[in-house]
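Using the sequences and the hints given, assemble the complete structure.
Going by my numbering, 121 is the number at position 125 of the sequence shown; the sequence numbering is gapless.
The set of hints was computed from the structure by calculation and includes no laboratory data.
Cβ atoms here follow ideal geometry from the backbone N, Cα and C, with glycine treated the same way.
Please note: incorrect hints may appear among the correct ones.
[What the hints assert, rightly or not] Okay, the calculated beta carbon distance ranges per label pair: (1) 167 with 144: 45 to 51 Å; (2) 160 with 194: 25 to 31 Å; (3) 222 with 58: 39 to 45 Å.
[To be verified] In silico lysine-lysine, PhoX-like type, Cα no more than 20 Å apart, as pairs: (4) 88 with 131; (5) 160 with 171; (6) 227 with 171; (7) 125 with 88; (8) 71 with 96; (9) 71 with 125; (10) 193 with 171; (11) 160 with 224; (12) 239 with 193.
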Amino acid sequence: MKDVVKYLIIGCSVIISVIIFSFAITFYGRSNDTISVTGLGETEFTADMIVWEGHLSAENISKLAGYEQMEQNQKKVLDYLHSNGVSDDEIKFSFVNTQKQSRSIYNDKGNYVGSQFAGYAFSQRFVVKSFDVDKVERLSREISSLIAQDVDVDSYTPDYYYTKLNDLKLALIEKASSDAYARAENVVRNAGARLGKARHASLGVFQITSATGEEEYSYGGTFNTSSKEKKARITVRMEYKLK
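Here is the structure:
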């Protein structure tokens, strides 16, 4: 009789242990059931600041006369900008750079015999930084009016910037996170499960390209400054628990 009781106790203990172990395995498996999705946040926007750069040049045998010529050129540039509504706060001129020039001398046989002083070359950089993007963009295209005044000026393609990038990034992260949740919820619903809390999140690289999307995305991030109309995008990878 004692042996029967002993074996009954052992049998019950084994059954209870198996049940507990089964529940533990089931709970562990469920606690590790997750789904990973990638959400996208994307928007188009217009630059609100422009930076336009130009260069003035002059050549003269006399250093003094060359500086006077550069001063006249600078005044013509300022008159051009002021007459079109650009303020002094938006204009910056660099110092005038001066370099001696020389020309090579050859003898009758075509052999180089030395060099001779040929005067001075002068150059000066100016930058216009403004929030009136359309106006400065137009002025950069109409720079030929200065050339008609005998000003040796080179105009470069403006750069376009957006001053509210931090706000834009936050909005896109929120949009990408919502997109990720919607994707995950759709997949889980179709699979007959329920979506739990977020377990992990990681951000992709912030990309700014032209609105036409002509550029390729870069692993380290793209930051377009050549286009006024831009497109920004960011991805968020989310991992959710399943209920």
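Hints, one by one, checked against the model:
| no. | hint | in the structure |
| --- | --- | --- |
| 1 | 167 with 144: 45 to 51 Å | holds, 46 Å |
| 2 | 160 with 194: 25 to 31 Å | holds, 28 Å |
| 3 | 222 with 58: 39 to 45 Å | holds, 40 Å |
| 4 | 88 with 131 | holds, 17 Å |
| 5 | 160 with 171 | holds, 17 Å |
| 6 | 227 with 171 | holds, 15 Å |
| 7 | 125 with 88 | holds, 8 Å |
| 8 | 71 with 96 | violated, 24 Å |
| 9 | 71 with 125 | holds, 18 Å |
| 10 | 193 with 171 | holds, 18 Å |
| 11 | 160 with 224 | holds, 14 Å |
| 12 | 239 with 193 | holds, 9 Å |
This entry does not satisfy hint 8, going by the numbered hints stated previously; all others are met.
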